[in-house]
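Engineer: Given the sequences, and given the hints that come with them, work out the whole structure.
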Amino acid sequence: NAGVTQTPKFHILKIGQSMTLQCTQDMNHNYMYWYRQDPGMGLKLIYYSVGAGITDKGEVPNGYNVSRSTTEDFPLRLELAAPSQTSVYFCASSYRALDEQYFGPGTRLTVT
Amino acid sequence: GENVEQHPSTLSVQEGDSAVIKCTYSDSASNYFPWYKQELGKRPQLIIDIRSNVGEKKDQRIAVTLNKTAKHFSLHITETQPEDSAVYFCAASKAGGTSYGKLTFGQGTILTVHP
Chain A
2 NAGVTQTPKF
12 HILKIGQSMT
22 LQCTQDMNHN
32 YMYWYRQDPG
42 MGLKLIYYSV
52 GAGITDKGEV
62 PNGYNVSRST
72 TEDFPLRLEL
82 AAPSQTSVYF
92 CASSYRALDE
102 QYFGPGTRLT
112 VT
Chain B
6 GENVEQHPST
16 LSVQEGDSAV
26 IKCTYSDSAS
36 NYFPWYKQEL
46 GKRPQLIIDI
56 RSNVGEKKDQ
66 RIAVTLNKTA
76 KHFSLHITET
86 QPEDSAVYFC
96 AASKAGGTSY
106 GKLTFGQGTI
116 LTVHP
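Line order of the protein sequences matches chains A and B. For what it's worth, this note's numbering labels the leading residue of the first sequence as 2, then goes sequentially. For what it's worth, this note's numbering labels the leading residue of the second sequence as 6, then goes sequentially.
Among the hints, a few may not be true.
[To be verified] Only some residues are given here: those of chain B computed to face chain A with a beta carbon under 10 Å:
| # | residue |
| --- | --- |
| 1 | Pro-13 |
| 2 | Ser-14 |
| 3 | Ser-17 |
| 4 | Glu-20 |
| 5 | Gly-21 |
| 6 | Gln-43 |
| 7 | Gly-46 |
| 8 | Lys-47 |
| 9 | Gln-86 |
| 10 | Tyr-105 |
| 11 | Leu-108 |
| 12 | Gly-113 |
[As the list claims (entries may be wrong)] So these bits of chain A aren't anywhere near chain B, every CB distance computed over 12 Å:
| # | residue |
| --- | --- |
| 13 | Gly-17 |
| 14 | Thr-21 |
| 15 | Gln-23 |
| 16 | Asn-31 |
| 17 | Lys-45 |
| 18 | Val-51 |
| 19 | Thr-87 |
The hints are simulated quantities; they were obtained by calculation from the structure and are not laboratory data. Cβ atoms here follow ideal geometry from the backbone N, Cα and C, with glycine treated the same way.
Structural biologist: Here it is as structure tokens:
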């Protein structure tokens, strides 16, 4: 099992550009989450999904969009990137709501 | 929504000493409290968790205690080793309603264990 994988590992984006961060899990987990981690800070939930076709907003959803067409994939879309979106983005998954969340390796994104 | 406060923000100990990190939460309905360890440049990984129906849980050198009345929970690491150096995050969550297991994280504690 690869677990949770994310691409790309690093990316530099210009202000106003858009991009998609990819997340895939091979553990047949129902729940998937996107977090952002700013320097020296904890993780904040952006969006989450409880199954294919079902997504909802987390604590900091503005400027982002998600979709979940399959159990395995949960891409995060950044539209009109802003410097405030410079962060490390982690995708995570769990089998049930209160189970251990398994994190991907993260994507370090710089918007400049 | 839920708010989780974590203290201290940094903690420095000598190898072999104990380390204690404390968290308080605001939502009395929260019933799941995990602790994650994040080494520099790595992903967070679960080290221990506790649910509201127990007051304490141990796993070798790590223990977590929960006081539901006071709405706080703590991580205890005994006989610390240099490889325990990392950032530790507490979190809180609840089942039911629209929660769906959403975790609210504390701000993190940087633990440094000096040899």
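Engineer: Run every hint past the structure and note whether it holds.
Structural biologist: Now for the hints, and whether the structure bears them out:
Taking 10 Å as the C-beta cut-off, the interface hint given for B/Pro-13 is violated, the closest approach to chain A being about 14 Å. Hint on B/Ser-14 holds. Least Cβ distance to chain A is approximately 9 Å, under the 10 Å limit. For B/Ser-17, the suggested interface contact is broken, since its CB lies about 16 Å from the closest CB of chain A, more than 10 Å. For B/Glu-20, the shortest C-beta to C-beta distance to chain A is roughly 25 Å, which exceeds 10 Å, and the interface hint is violated.
Violation of the interface hint for B/Gly-21 is found here, the shortest Cβ-Cβ separation to chain A being roughly 28 Å, above the 10 Å cut-off. Residue-level restraint check for B/Gln-43 holds (minimum Cβ-Cβ distance to chain A is 9 Å; threshold 10 Å). Interface hint status for B/Gly-46: upheld, as the beta-carbon distance to the closest one in chain A is roughly 9 Å, under 10 Å. At a threshold of 10 Å, the smallest CB-CB gap from B/Lys-47 to chain A is about 8 Å, leaving the interface hint in force.
For B/Gln-86, the interface hint is violated, since its Cβ never comes within 10 Å of a Cβ in chain A; the closest pair sits about 23 Å apart. About 5 Å separates the beta-carbon of B/Tyr-105 from the nearest beta-carbon of chain A, less than 10 Å, and the hint is met. Evaluation of the B/Leu-108 hint against chain A yields a held restraint, the C-beta minimum of about 7 Å falling below 10 Å. Interface hint status for B/Gly-113: upheld, as the beta-carbon distance to the closest one in chain A is roughly 5 Å, under 10 Å.
Every CB of chain B lies more than 12 Å from the CB of A/Gly-17, the least distance being 29 Å, so the non-interface label holds. The beta carbon of A/Thr-21 sits about 20 Å from the closest Cβ of chain B, which is more than 12 Å, so the claim that it is off the interface holds. Every beta carbon of chain B lies more than 12 Å from that of A/Gln-23, the smallest distance being close to 16 Å; the non-interface claim holds. Against chain B, the non-interface label of A/Asn-31 is violated: not every CB pair exceeds 12 Å, the least being about 10 Å.
Separation of A/Lys-45 from chain B is inadequate, the least Cβ-Cβ distance of about 7 Å not exceeding the 12 Å criterion. Interface exclusion of A/Val-51 from chain B breaks down, the closest Cβ pair being 5 Å apart, not more than 12 Å. Every CB of chain B is more than 12 Å from the CB of A/Thr-87 (nearest about 17 Å), matching its label as outside the interface.
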